[in-house]
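Engineer: First to last, the protein sequences are chains A and B. Counting from 0, one number per residue, gives the positions in the first sequence under numbering that gives the first Met the number 0. Counting from 0, one number per residue, gives the positions in the second sequence under numbering that gives the first Met the number 0.
Source of the hints: derived by calculation from the structure; they are not laboratory data. There could be a bad hint or two in this list.
Chain B is nowhere near these chain A residues, computed Cβ spacing over 10 angstroms in every case [claimed, not checked]:
id: 1; residue: Lys1
id: 2; residue: Gly12
id: 3; residue: His14
id: 4; residue: Ala18
id: 5; residue: Val22
id: 6; residue: Thr33
id: 7; residue: Ser41
id: 8; residue: Cys54
id: 9; residue: Glu71
id: 10; residue: Ala76
id: 11; residue: Arg79
Below, computed lysine to any residue pairings styled on SDA-like, alpha-carbon distance capped at 20 angstroms [what the hints assert, rightly or not]:
id: 12; chain 1: A; residue 1: Lys23; chain 2: B; residue 2: Asp84
id: 13; chain 1: A; residue 1: Lys23; chain 2: B; residue 2: Arg59
id: 14; chain 1: A; residue 1: Lys26; chain 2: B; residue 2: Leu86
id: 15; chain 1: A; residue 1: Lys26; chain 2: B; residue 2: Lys123
id: 16; chain 1: A; residue 1: Lys26; chain 2: B; residue 2: Glu83
id: 17; chain 1: A; residue 1: Lys26; chain 2: B; residue 2: Gly51
id: 18; chain 1: A; residue 1: Lys23; chain 2: B; residue 2: Glu67
id: 19; chain 1: B; residue 1: Lys123; chain 2: A; residue 2: Asp9
id: 20; chain 1: A; residue 1: Lys23; chain 2: B; residue 2: Lys123
Heads up, the beta-carbon is just placed ideally off N, CA and C, and yes, glycines get one too.
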Amino acid sequence: MKQFTYTITDPIGLHARLAGLLVKAAKELDSAVTVSAPGGRSAGATRLMALMTMCVKSGETVTVTIEGGDEEASQAAMERFFRETL
Amino acid sequence: METVTGKIIQEGFAVGPLRVWRRREAPPPDAAAVLPPAQERARFEAASAQAGAQLEALCRRVRAELGEDGAAIFEIHRMMLEDEDYLDAVYAAIDGGCAAAAAVLTAGGQFAAVFAAMDDAYMKARAADVEDVSRRVAAILDGRGGEAPFSAGGPFLLAAEELAPSELAQLDRSRLLGLVTRWDSVTSHTAILARTMGVPALTGVAIRGNWDGRRSILDAAAGRLTIDPDPALLSAAEQTLRRRQTEAAQLLRLRGKPNVTLDGHEIEVCANIGGPGDLPLVLQNDAQGVGLFRSEFLFLEAERLPTEEEQFAAYRQVVEAMAGKRTVIRTLDLGADKQAPCLPLEKEENPALGLRAIRLCLTRRDLFKTQLRAILRAAAFGKTAILLPMIVSLWEVREVKALLEECRAELGSRGEPFGEAELGVMIETPAAVLIAEELAREVEFFSLGTNDLTQYALAIDRRNPALEPFCDARHPAVLRMIRYTAEAGRRHGCRVGVCGQLAADPALTEDFLRMGIDELSVPPAAILPLRRSIRGLDLGGERRQGEGPPQF
């Protein structure tokens, strides 16, 4: 299992379009990716509605967990995605 | 003749017949016709695949016609259909004995309720998206196909209780003159799409069925719809429309040109905005910056006070979009005629002279410092300035400077990046005019708020129609105050702008240039008309310089 944290800088937070991009990116990986935020909010990165209803706002720090498959490659891909998109 | 008002989604002016549209409701479920769950699942899957194909086609068309932002809306709709949790909800309803169409509407309703209950205006508005996509699948299952309202006939103004994004996208743009709805929030995808399409639109209007087919005037900039206008009003509106069409074409050719007079005097023309939603207009109209960002918008409709993060996000969005051009953020100007439910204020005998604007901020410092920190953080992303409303004394400015110092220290100790922001004051009281020399030494810029300045100088309530005969918008007292302020600013190297209604008055542009005003800040739609009048002026080389003490 691998983990990293990221603080959202997009002004509207994890909104519909970005959640959609995250789902697409996560579906390409062979690992299971989970996004969690403070207050027990959590969702699989391939689940659009669940990600949106987490209501992650700008400035919040999320924890991204990667499990199974090529964890190292998946972590690198996710870190790049968060940095460039969110 | 009947006139109704609504909230502005997109400014614009249109004349034409109203067509009242009501979405056909799904037929009532027929319990006898429900097939075994395995067959209903198969029906759902086939309909869902067809809906996905429709959305892909819609996405391609919208991308070609309106660009990526519009297309992304329908890309998300398609992904919602494939979402595991959404599918689980549909299958659970089918297994519970629902027909496929009823199941998809049930699932859509469940997710819409979750979104609607969220404590976030953006996410609340997503309820309409999941309902939109669910209705699409249900319509296919019921054999209704996608309905495009009014696909035949001439141009029309559409009136609807509520319009889903996909319904708006399916309308024939070449015949859609304008849009009036009741329930769409200004952050809905329908509203975003209407702005992208540039369709004049209002929401919050109670639609009446008997409007259908009646000739109407939509003056969206004024937030007004007039049904069955009398002949004089109608012919005036038609004239206005023709004039605007010719003008609009001429004005667009001025984009990218400088605001310079025939004899070479230049003045900056910036935009007044109420929030990030106005950005497309600011960019379309080629503003040289945001001269007045009314930060109240974040507070006026909020159920609770906006947090530092929320404010930072909104300010940053504007600062970034301006890409190096200045954004002037006016600090909270509540009180008097602007009341926010999230900040209840005591009733006052005389609210125009009461605890408002900077007075409120210096009384509620917690709230003020939250805003100042959010602005300082946004300043790390581009050229930002802070504008203080309703200043009457020097100590108020010094107090704010001390608070800014505290805010920087707090951000520093939190390790939060922040930027430098210029400081300016609104000159909107006679007191501020008379101490302009002293104020000019304290701040980097002045912004003359001519609406309040007129009200306080003439002792006339602008909103009382009975006082209209007494109110001269170009009263010499006000113009002299502006000149005096401009001279005081000039003598101390303090930039001077005008941001009230007078700034957009073309009859005064020449006077402002002669006074040495550096910047006019006006509603986005007024920028290009102002540019045209500036480019037609010739001051004969004369422009007042700030030498000697300022004179009335």
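Engineer: Give a verdict on every hint.
Structural biologist: Taking the hints in turn, this is what the structure says about them:
| no. | hint | verdict |
| --- | --- | --- |
| 1 | Lys1 | 23 angstroms, holds |
| 2 | Gly12 | 7 angstroms, violated |
| 3 | His14 | 6 angstroms, violated |
| 4 | Ala18 | 8 angstroms, violated |
| 5 | Val22 | 6 angstroms, violated |
| 6 | Thr33 | 14 angstroms, holds |
| 7 | Ser41 | 13 angstroms, holds |
| 8 | Cys54 | 5 angstroms, violated |
| 9 | Glu71 | 26 angstroms, holds |
| 10 | Ala76 | 19 angstroms, holds |
| 11 | Arg79 | 21 angstroms, holds |
| 12 | A/Lys23 x B/Asp84 | 16 angstroms, holds |
| 13 | A/Lys23 x B/Arg59 | 18 angstroms, holds |
| 14 | A/Lys26 x B/Leu86 | 17 angstroms, holds |
| 15 | A/Lys26 x B/Lys123 | 27 angstroms, violated |
| 16 | A/Lys26 x B/Glu83 | 12 angstroms, holds |
| 17 | A/Lys26 x B/Gly51 | 18 angstroms, holds |
| 18 | A/Lys23 x B/Glu67 | 17 angstroms, holds |
| 19 | B/Lys123 x A/Asp9 | 18 angstroms, holds |
| 20 | A/Lys23 x B/Lys123 | 23 angstroms, violated |
In summary, the numbered hints that this structure violates are 2, 3, 4, 5, 8, 15, 20.
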